[in-house]
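Input sequences plus hints: build the corresponding full structure.
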Amino acid sequence: MSFVDYSVEPPVVEGKPPLSSIDDAIIKPIDAKPTKAWFVAIAVSGTMLLIGAASLAVTFIFGVGMWGVNQPVGWGFDIVNFVFWVGIGHAGTLISAILFLLRQRWRTGIARFAEAMTIFAVMCAGLFPLIHTGRPWLDGYLMPYPNQHGLWINFTSPLVWDVFAVSTYFTVSAIFWYVGLIPDFATLRDRTVSRIKKIVYSILSLGWRHSNRHWQHYEMAYLILAGFATPLVLSVHTIVSFDFAVSIIPGWHTTIFPPYFVAGAVFSGFAMVQNMLIGIRKIYAIEHIITIDHLEKMNKIMITTGMMVGYAYGMEFFIAWYSGNSAETFVFFNRALGPYAWAYWTMVICNVVFPQLFWFKKIRRSIPAMFVIGVLVNVGMWFERFVIVVTSLSRDYLPSSWGFYVPSIYDIGILIGSFGLFFTLLLLFVKSMPVVSISEVKGVVEGAQPSHGGSH
Amino acid sequence: MQDARLYSLSAIFQTPDEIAHAAEQTVERGYTAFDVHSPYPLHGMPRAMGLKASKLGYVTLVFGLSGAALALFFMWWVNVIEYPLVIGGKPLFQLPAFIPVTFEVTVLMAAIFTVVGMLFVIFRFPNTSHQLHDTPYMKAVSSDKYGLTIQALDPLFDEERVREFLQDLGAVEIHRIQFDAEEIEARPRIFEPRFVTLLILVALLVGPSTYIILNHVLYMPPFDWMMEQQKINPQMKSELFADGFGMRSPVEGTVARGHLPYPFKGQPDLAGKFLVNPILPTESVLELGKKKYDTFCSPCHGNFGDGDSRLRGQFPNPPTLHSDKSRGWSDGMIFHVVTEGQNIMPSYASQIKERDRWAVVHYVRALLRAKHATEADLR
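Top line first, the protein sequences correspond to chains A and B.
Start counting the first sequence at 1; every next residue gets the next number (our numbering).
Start counting the second sequence at 1001; every next residue gets the next number (our numbering).
Simulated from the structure, these hints should not be mistaken for lab results.
Any given hint could be a false lead.
Here are the simulated distance ranges between beta carbons [as the list claims (entries may be wrong)]:
1. A:A43 <-> B:G1050: 53 to 59 angstroms
2. B:S1066 <-> A:K362: 52 to 58 angstroms
3. A:K431 <-> B:A1004: 44 to 50 angstroms
4. A:A57 <-> B:G1207: 24 to 30 angstroms
5. B:K1052 <-> A:A53: 49 to 55 angstroms
All residues carry an ideal CB built from backbone N, CA and C; glycine is no exception.
Right, dumping it as structure tokens:
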């Protein structure tokens, strides 16, 4: 049995690479011509995006009647996808902000990519409430502004909170991401030989000079942003859950929703980050920067949040029985045994059963196994939102107004399109910007910091 | 004497320990216009450089708190003052329901202004033509080296001594960084033909395309607007009728409700004889009559019917209503004059409703009686 010394933090970056080699490893793929695999990937994701665009065009021309939604299920794939994508985004902020505050230095290798994922996922998410209104060209009314009708929005509505939460989340995430990118753009500016790239990077880096008089404020700003992003990310999915919890539909009207939604969001987000990073580190040959230890740590977070989600599933059933509320009890019987039981059990098996395999260290460190489990978790988490949205609406209090929801082909097209948008943006990102924070990784390489006690 | 074009002497060091030591020594020597450059933030460097703690947090505090106050005040103004709506029987000012938006606006304001304050106020970015840019020195410190720059404007700066000092510290390279002569003499060239042409092209592109988008594209499918509906509005052309008019006249020989024509057209005598005031002079009727009289009649007839026009000669004054002739008129006759007009007085039929005209008649009667009260009226 090998002995592990837990008092010493293991190195975050494997080996002790010279700093300039980090530049090379991260920047080379940006400077090189795209490979054939990249073109194949973007062709596939672009096709998916176009499928979504065509479905959206049909929706815009003929109206939301093209979707499967109708009475009583007025929220279908649109809201399911919205909650799913917002959730995916949460892992990025968790990695970049919460783990930063907790001084988890291993986050440096994956933070940039996870943040980019956050931004793209929130873009995908933001699309759905906008198209869900039916006439998206009137979405300006969502914001409070003095208009000629003398109308104002209702600030006590959870849907308005949602508008503020998601737009703030997107803005702050984008700022956070950009602030992190500034020093890297400066490094790219100083390395590049292409004239056009030089101009672009000069503008993007704003003239960053790597000055320590700047670094001092920069680190403070980063700390402040992380401090704000942390409660922000918790608030966003809390507010998303309020869309449901503040209503009086059985199965929605529960106080467990905010923590349950946040845990689920982190769970699915980590699964997505893990899946993407497995590909990135392989293609970029940066396995020494994004190590198997990173992936293992992410799997550990997945098993933790997965069990939180499992606990919430159980607790919902317990409260349904314990409250003695017949409508609530019925909803949960209906979920497990009703017409959508297949969706419910898909969700339970994918989210609760499969992640338990991560108890085994071999599986936790096996790339094919963790990849499959990550995909299953995302499938399960998508079905969780489907179960919550659709089962509760399709059968609420009055049996005479029950219905059954079947998505139309356009619903599915838009879902595919949202994945297309996400992957297209990611592919463009990995080709144009450093996927790993160059300055942060340099700072955590062994021997990169002045030795303590020597000079001060 | 120094070279006026010299910006700084910049030295490159190999290890973090050397640069930390160099920074401390620089402070000890009393140099103030110096800076340390490194590809990533170095722990303990602000202390070694003798920098004061960053005050950025105060910016965040001020803007975060103003964001919170602004959001809360705005929601109070909207929901209580400007657009009060009772929702779910709850009070107009619902603090718990305002917390989410207050929180989000606080975070948004704090985050934006922290970064804006740092980048654009403290750092004075964007500045892409600093003397250090594009030097071998900057290329080294942005990759894997550590740099110490002592500026020529430092009061203690002496090129030879600084060079010696840097060498003693263990610098591997020392760069002389100079102001770019061309750049110093460069003037802003906004009137350069190429730039002006670009501006004109942008204007030519943006103007018409904005016009087309706002006036045409937004009214093509799938965009639909509530004010643009598929129906015939007044004055619009209709394809349905042979005459092409969207507005239709009533069927011949019929009269719409409430639109019975005036039966005594041009016949004041008959009107005076047969028309009877159908309403009673109650207090509310007299008040209505006064209101209408003051609005429509008083400009010419004066506030009390004396013919003392309020128009100060811009229109011929009518004779007083208190003459014996008009006092002898019946209610029907007065009604007829209001309805049809008389001499240069126009018809008020379209401006005062029929019932209101009768109320005016009552009020005029009251005015006449007030000026010619008999003893019996005092009782």
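request  = For K1052 (chain B) and A53 (chain A), compare the CB-CB distance with the range 49 to 55 angstroms and indicate the outcome.
outcome  = Given range 49 to 55 angstroms: holds, Cβ gap about 54 angstroms.
ask   = Does 53 to 59 angstroms hold as the CB distance between A43 (chain A) and G1050 (chain B), or does it fail?
value = 57 angstroms, holds
inquiry  = Against the range 44 to 50 angstroms, how does the distance between the Cβ atoms of K431 (chain A) and A1004 (chain B) compare: consistent or not?
reply    = At 46 angstroms between Cβs, range holds.
task = May I ask you to test the hint 52 to 58 angstroms on the CB atoms belonging to S1066 (chain B) and K362 (chain A)?
result = Roughly 55 angstroms apart at Cβ, these two residues keep to the hinted range, so it holds.
task = Could you check the hint for me, namely that A57 (chain A) and G1207 (chain B) are 24 to 30 angstroms apart, CB to CB?
result = Distance hint for A57 (chain A), G1207 (chain B) holds at roughly 29 angstroms.
Checked against the numbered hints above, the structure violates none of them.
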